[in-house]
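There are 4 protein chains.
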Amino acid sequence: MILDEQLLREVITKRPSHSHKSTFGRVVLIGGNQQYGGAIIMSALATVNSGAGLTTVITDEKNHAPLHVHLPEVMVADWCDQATCLTAIQQADVVLIGPGLGTSAFSLGLLQTILEVQTKHQWLVIDGSALTLLAETKLSLPYPEHTVLTPHQMEWQRLSGISIAAQTDHSNQEKQNELGAITVVKSHQTTIYNKENIYYNQAGSAAMATGGTGDTLAGMITAFLAQFPKNDHTVAAAVYLHSLIGDHLAQTHYVVLPTLISQAIPQWMAHFCTE
Amino acid sequence: MILDEQLLREVITKRPSHSHKSTFGRVVLIGGNQQYGGAIIMSALATVNSGAGLTTVITDEKNHAPLHVHLPEVMVADWCDQATCLTAIQQADVVLIGPGLGTSAFSLGLLQTILEVQTKHQWLVIDGSALTLLAETKLSLPYPEHTVLTPHQMEWQRLSGISIAAQTDHSNQEKQNELGAITVVKSHQTTIYNKENIYYNQAGSAAMATGGTGDTLAGMITAFLAQFPKNDHTVAAAVYLHSLIGDHLAQTHYVVLPTLISQAIPQWMAHFCTE
Amino acid sequence: MILDEQLLREVITKRPSHSHKSTFGRVVLIGGNQQYGGAIIMSALATVNSGAGLTTVITDEKNHAPLHVHLPEVMVADWCDQATCLTAIQQADVVLIGPGLGTSAFSLGLLQTILEVQTKHQWLVIDGSALTLLAETKLSLPYPEHTVLTPHQMEWQRLSGISIAAQTDHSNQEKQNELGAITVVKSHQTTIYNKENIYYNQAGSAAMATGGTGDTLAGMITAFLAQFPKNDHTVAAAVYLHSLIGDHLAQTHYVVLPTLISQAIPQWMAHFCTE
Amino acid sequence: MILDEQLLREVITKRPSHSHKSTFGRVVLIGGNQQYGGAIIMSALATVNSGAGLTTVITDEKNHAPLHVHLPEVMVADWCDQATCLTAIQQADVVLIGPGLGTSAFSLGLLQTILEVQTKHQWLVIDGSALTLLAETKLSLPYPEHTVLTPHQMEWQRLSGISIAAQTDHSNQEKQNELGAITVVKSHQTTIYNKENIYYNQAGSAAMATGGTGDTLAGMITAFLAQFPKNDHTVAAAVYLHSLIGDHLAQTHYVVLPTLISQAIPQWMAHFCTE
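Chains E, A, L and V supply the protein sequences, listed in that same order. Just so you know, our numbering puts 256 at position 256 of the first sequence, and the rest follows in order with no gaps. Just so you know, our numbering puts 1246 at position 246 of the second sequence, and the rest follows in order with no gaps. Just so you know, our numbering puts 2260 at position 260 of the third sequence, and the rest follows in order with no gaps. Just so you know, our numbering puts 3091 at position 91 of the fourth sequence, and the rest follows in order with no gaps.
The set of hints was computed from the structure by calculation and includes no laboratory data. Do not take every clue at face value.
To be verified - Only pairs whose alpha carbons sit at most 30 Å apart, straight line, appear in this in silico DSS-like list of lysine-lysine:
| no. | chain 1 | residue 1 | chain 2 | residue 2 |
| --- | --- | --- | --- | --- |
| 1 | A | 1138 | E | 21 |
| 2 | L | 2021 | V | 3175 |
| 3 | A | 1175 | E | 21 |
| 4 | L | 2120 | L | 2021 |
| 5 | V | 3120 | V | 3014 |
| 6 | L | 2195 | L | 2014 |
| 7 | A | 1195 | A | 1138 |
| 8 | E | 175 | V | 3021 |
| 9 | L | 2062 | A | 1021 |
| 10 | A | 1021 | L | 2138 |
| 11 | A | 1062 | L | 2062 |
| 12 | V | 3021 | E | 62 |
| 13 | L | 2021 | V | 3062 |
| 14 | E | 195 | E | 120 |
Note that the structure is predicted; figures quoted are calculated from it, not measured.
Based on the sequences and whatever the hints tell you, model everything.
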């Protein structure tokens, strides 16, 4: 199907009045090493602005202060503090791993831990460096049906073994069926594969081709899964909204900074929210 | 009584022209450990934007830099620096303890100190982790009639021993009379108990169900007590304004970030200020 | 004289087209200890937004990061690094000392250094803690006619020995003549004394009675002296503009945060700028 | 030629729809010591807002946190970490060195490294302290035809040996031909020299005469070279847009802070973008 605004109206439903912050999900975001701390900050901005109930960011201690400047709304944990991290992870409804994670042995250790402790009640979103690690190590996903992969075309090549030129719907879908995870192949026209479903995103523009756009999308997908039904429809809605906001901003901005997209999310979600 | 705008007009009075910053109260905020620093930052944003005269934040040293980014208007003290903290606390008109405080032995030590040094001229607001500590330790309040408790329903269950299902006006009021402190029981419909008075808050919405909303409310209550008459009416006005701003923002925002509420406070207070 | 907009039009003149950043003065701001770092940040925001050409802030190293978040436009020096600080100070046209300086032996040492190295080509603005130190130590001013003091009434009592109740124009002017420095006595109605001149500020409101308002004024005075004729007229213009902006913001804000005043300065200066 | 809006329309072209972040260039910015960290932050703000695809900032570790507050969009590297820095530099399409670099032996070492590793496929922009170092050491440029120098008049005097009074088109052009690099001589009326071409910038105003304006320009030039044809036309377009935005802001701001210019870039680029 071709993504459209109708999907947003279906997914973004009115919040129940008898609710509290836990109603909208506990989210854990893991990433941001000494060099790429901005990536996990951008994911967190997207997650919180998309309405996740409670967000904890597990990252290098160096990133805590800038993160709290952007978002006093999140909790933080030093990714060297195993006990605190494990507690946060075990309480999570959705875990995102990858933005700015890096590909060191330490990063790999974190990914392995996540794959080991994931329960069948939890969803996992794998993005950025974590996809590269997954491709290199051939680690298997414990709950592929509760997993979302968000590779851009080059990362998908590494992960699937399909060269960019050979990435057709047929080959991608075949590989998705083998892997089992909902797969968001990002390009100038992002496509989402899940079993027999293919979602085509015709929104999005070259103004969004700048560092951090993918980190923002990963954060949005995570927050949508935390509050709305956990399925490919919800993932597709996050992808479409991300591009739709970008297109709107691109009318007046030559380059659309990812942080600008995140700022705009609450108002766009209100716009599409159905009674 | 049902909270309404008339209450705001009564409480938010025009500032006397012959005044200076001390006229509007000295406030000390205590909280924010290594993991939950954002909580005390959000309380501080609410306190300063609500008009407290002079605000000192006692928190983990790690939180000082992000706090000063958000608010160069506050003074800071490292919560390990006992002498400086004690001086600040002794000069305070109102002390808030709890947002992001944590429940470690160190956190408990801070709470015990506050309960020991409080004088009859000072008001105390107890929020967040400090309520959990209070429930666990059964510490007694030195001046309950100068104390405000702000539990959400689960914290109130821990503190009062009344299960959420059994939290009726009758049982809550009975317990409040026993404890003696003004008690703000937060839920999708917050209620305030003090002696024979019950204040019902019908404002507020599910868009506010996100991490930090309670920290913001605690900061507003603290600032209102610092400048306006120190009583349950003033506490109720802070509760109502917090929800009213949230409702207004929820018309255009699917999720209302707590920092957005704080930004809007000075303009809403001007709106309701009576000559 | 009573301060009015005409004074602003006289002082805020159009910048010469053949100019560069040095044309508008080199400024050094000294203050901000471990506890009061926000004060020097607020002074710096005022200084830069008021148009000083090049600004260096000498402060505790702890304050550098939050300062650079607020103002990448400034240069910083660790106040423990004597050589770097001395170089910056010697190149300055105007030096401000005091906001958040504290009253430790180290702070006093800094003040003594400034009073020792000041040359007759430099102006000095003394504010906040530095006034308290001056009152305690009776240090003498090397160039009083190139010095501005900005005490609030209590600081003026300490400095002048005149109790607040006895602070009349007559007594204040007499003491100013003795001290020799331009003296800005801050209260709900600030008055400026210099020789036979008295300037009355009838602007300003109780909405500005919050921590940081004085630090902001000190920064504005410093920047005005850096670019405009170095005299009491220019100091008075800064005082008046500060209050005028505050009054404007107070129409819509119950409390006017000092950082909001600083943000508004460039537009207000453009408004009053004469051809 | 006299710079005008037509040049902007020629240079700022519509982005190809089949593109990704690498399409718009990998940029490395080098500068920002312990004292002048704000300079490289301002360059980075200009670079990212001008549309560079992927930006890495190599700077003193002290500047990482404030940089990530301003721009989570950038990657960072500690300039003491040689291996990481070298990898980033080797992948860059355009390198900027100089803003806030300082003139220490360490700074010189960084400049020497850059001049040693530059390949013929890379462009180099040399600004600020790096120009002073270049003047002192007479280091030679490996690829002058792929180099841009951005001295203000005093830096140009040091570099060229031509005193400010003697800086005429004739003398400047002669020296440019000798050096071989595109030379942007900044003054109240900036002029760009390259072989037989001279570009006159009649835009810009004294409101821009404040610390950081040059750092911002250097960042814009770098981003323009990263995405548009690498030549003097593109450099000239960046210079003109910088002044044009400044002039527009100067209509309402007595002093135009450099960070304000950067914020406005995406919208101005959209305005001039041709189909």
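We went through each hint and held it up to the structure:
For the proposed pair residue 1138 of chain A and residue 21 of chain E, the alpha carbon gap of about 27 Å is at most 30 Å, so the pair holds. Proposed proximity of residue 2021 of chain L and residue 3175 of chain V is supported: the alpha carbons are some 26 Å apart, at most 30 Å. Pair hint residue 1175 of chain A plus residue 21 of chain E holds up; C-alpha atoms about 26 Å apart against a cutoff of 30 Å. Between the alpha carbons of residue 2120 of chain L and residue 2021 of chain L the distance comes to roughly 22 Å, so the proposed pair stays at or under 30 Å and holds.
Pair hint residue 3120 of chain V plus residue 3014 of chain V holds up; C-alpha atoms about 27 Å apart against a cutoff of 30 Å. Restraint check: the Cα-Cα separation between residue 2195 of chain L and residue 2014 of chain L comes to about 29 Å, which is no more than 30 Å; the hinted pair holds. Proposed proximity of residue 1195 of chain A and residue 1138 of chain A is supported: the alpha carbons are some 21 Å apart, at most 30 Å. Straight-line distance between C-alpha atoms of residue 175 of chain E and residue 3021 of chain V comes to about 26 Å, which keeps the hinted pair within the 30 Å bound.
Distance hint between residue 2062 of chain L and residue 1021 of chain A is fulfilled; the C-alpha atoms sit about 26 Å from each other, no more than 30 Å. Restraint check for residue 1021 of chain A and residue 2138 of chain L: satisfied, since their Cα atoms lie roughly 27 Å apart, inside the 30 Å limit. Annotation: proposed proximity of residue 1062 of chain A to residue 2062 of chain L holds, straight-line Cα distance about 11 Å (limit 30 Å). For a cut-off of 30 Å, the pair hint linking residue 3021 of chain V to residue 62 of chain E stands: about 26 Å separates their Cα positions.
Straight-line distance between C-alpha atoms of residue 2021 of chain L and residue 3062 of chain V comes to about 26 Å, which keeps the hinted pair within the 30 Å bound. Using a Cα cut-off of 30 Å, the hinted pair residue 195 of chain E and residue 120 of chain E holds, with the two alpha carbons roughly 19 Å apart.
Consistency note: the structure conflicts with none of the earlier hints.
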